[in-house]
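Visitor: So the sequences go chain by chain: A and B. Reminder that position 84 of the first sequence reads as 84 in full-length UniProt numbering, one-by-one numbering, no gaps. Reminder that position 230 of the second sequence reads as 230 in full-length UniProt numbering, one-by-one numbering, no gaps.
It is worth saying that the hints were derived from the structure and are not from the lab. Every residue, glycine too, gets a C-beta built ideally from N, C-alpha and C. Heads up, some of the hints might be wrong.
To be verified - Partial list, derived from the structure: chain B residues whose beta carbon lies under 10 Å from chain A:
#	residue
1	114
2	139
3	151
4	179
To be verified - Residues of chain A placed beyond 10 Å of chain B at every Cβ, according to the derived structure:
#	residue
5	73
6	82
7	97
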Amino acid sequence: MITAGRIVRLAEFGRAQLHFTLDGQMCSALAGDTVLTAMLASGHVLRSSEFAPEPRAGFCLMGACQDCWVWQQEGPRIRACSALITEGMRLLTTPPESWL
Amino acid sequence: MSDASSPKIVIVGAGPAGIRAAAALVEAGFHPVVIDEGNRAGGQIYRRPPDGFVRTPEQLYGSEAAKARALHALFDRLAKEARLTHCAGSSVIAVHEGRLHVLGEGGVQLVSYDRLILATGASDRVTPVPGWQSAGVYSLGAAQIALKAQGVALGRRIVLVGSGPLLTLVGAQLVKAGADVAAVLDTSSWHRQMPGLWDLAARPLVALRGLTLRARLGRRYHAGVTLERIETDGIGVSAMRWHDTGGRQHLTPCDMIGMGWHLRAETHLADLAGCAFIYDEQCRQWLPKIDRMGRAGNGLYLAGDGVRLLGADGAEITGRLAAAACLADLGLPTPSLSADLRKLARLERFARGLARAFPWPAAMARALPDDAVVCRCENVTAAALRESTGFGGSEANRVKSLSRIGMGRCQGRYCQLAAVELIAARIGSTPGAVGRFRGQAPVRPAPIGAFLREG
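This is chain A alone, in the form it adopts within the complex (with noise of 0.2 Å):
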């Protein structure tokens, strides 16, 4: 099934549907997606680069890179590869104004 986002969902279609807002939009996701899945399900990028021009949307997938690490609207910033998403999540692809 193509997504709205980068990623294809090949299998696994049976789960729950949750929500969450990606930059603001109300986007929804399937209970046990990852952090990482569920964004790259609805948009193509993780988060912008401190170093470079290029978006990021992850790389080991193991936690061993760190390239995909995300912003929440409150705060806290998560492993995207590693956290699953929760109902109601504010996921931000840039620093909340707030850091800036």
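Please build the complex by placing chain B on the supplied structure of chain A, with the hints as guidance.
Guide: Just chain B now, with coordinates in the frame of chain A:
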């Protein structure tokens, strides 16, 4: 024996090596503590999806399903019977004076040990391809984890590049799952793969399975390619530019690239624990120095792909050996190990064959164009690295200080091997002489809040 006077044995990692080590210690009457980053035991290769997923082990692990089932069931039983302590979702971020600094939900805790078994596994060994810092470029392991643990492909049209068993395996798994795999590009030529065959025959079934998987890739598979550049548009990967053995140019449109050349041992904790290292010419990387059983000295033992790159079957064996060494050092009887040691020798011969047939592309790393990004964390280019050698940077850690290579968020895990080749080429030396980046704590990012104590 698990009373207060019993030595405390801690295992880091709950993959095949960690699980086998834990089981052997439980068998001998100990109550080991197993610390693992995963939420469920299994490691990366036998990684289990979250609750609520329905595919069977046969669908997830194919020919290896029985091994995965056995390991999962064994560990779950020992945990349920409280014969070991499982610290899931926890990262060991430092080792200092006999204590582990463990980052979990509740912050950083100190865990002391009398004996420590490190089974920290491996990740993909990668080398930069110009453009690899773009969104949509992943490791081969990432592509496999996405499929196994999430049921997704990381792109609509996929190109896989690299060399080694995982290249073929991930390609075949994605094709089978219904992903659109446009090309599988192997940097090793047929000519190069032939001399490895003799040693690969040490595991005829595994070698045959590899060939069968490759056959499934059909015309997607190309051997002996040269990778030129990853083309990008505003949001990420748009195509892979490469040429074949005949020198013909190809531009394969895609939105995802998976890359990997076999494995790189995860050695940061071994380094912090004080292990000596040797440069392994066969694996083309620095590995912790151990004896045949996995002893590194001072009550430290190593097992699995974090020290010997033999894959999951080898990890089960070396996990048992490390536990046996630990027991022997405590003056306790150990089970007979002759069968495991025999199997180990066979796996080592197979690994030699793999290393020969699917070599690390040192020449490709050495010839990276100046504008190519080597460190994708902090955007350090090949030019910046080459330039830094002119300021006395002939040793890996000098170049690190001068250029910031290896100082980014991955701590050099994905750039180090290519960087060392580049430096060696620049100064007319060898990777072994250039050295390795020293490991630094914390080996995972930790928020300041994790170190704060209330009151």
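Visitor: Please name the hints from earlier in the document that this structure breaks, with their numbers sorted from lowest to highest.
Guide: 1 and 6
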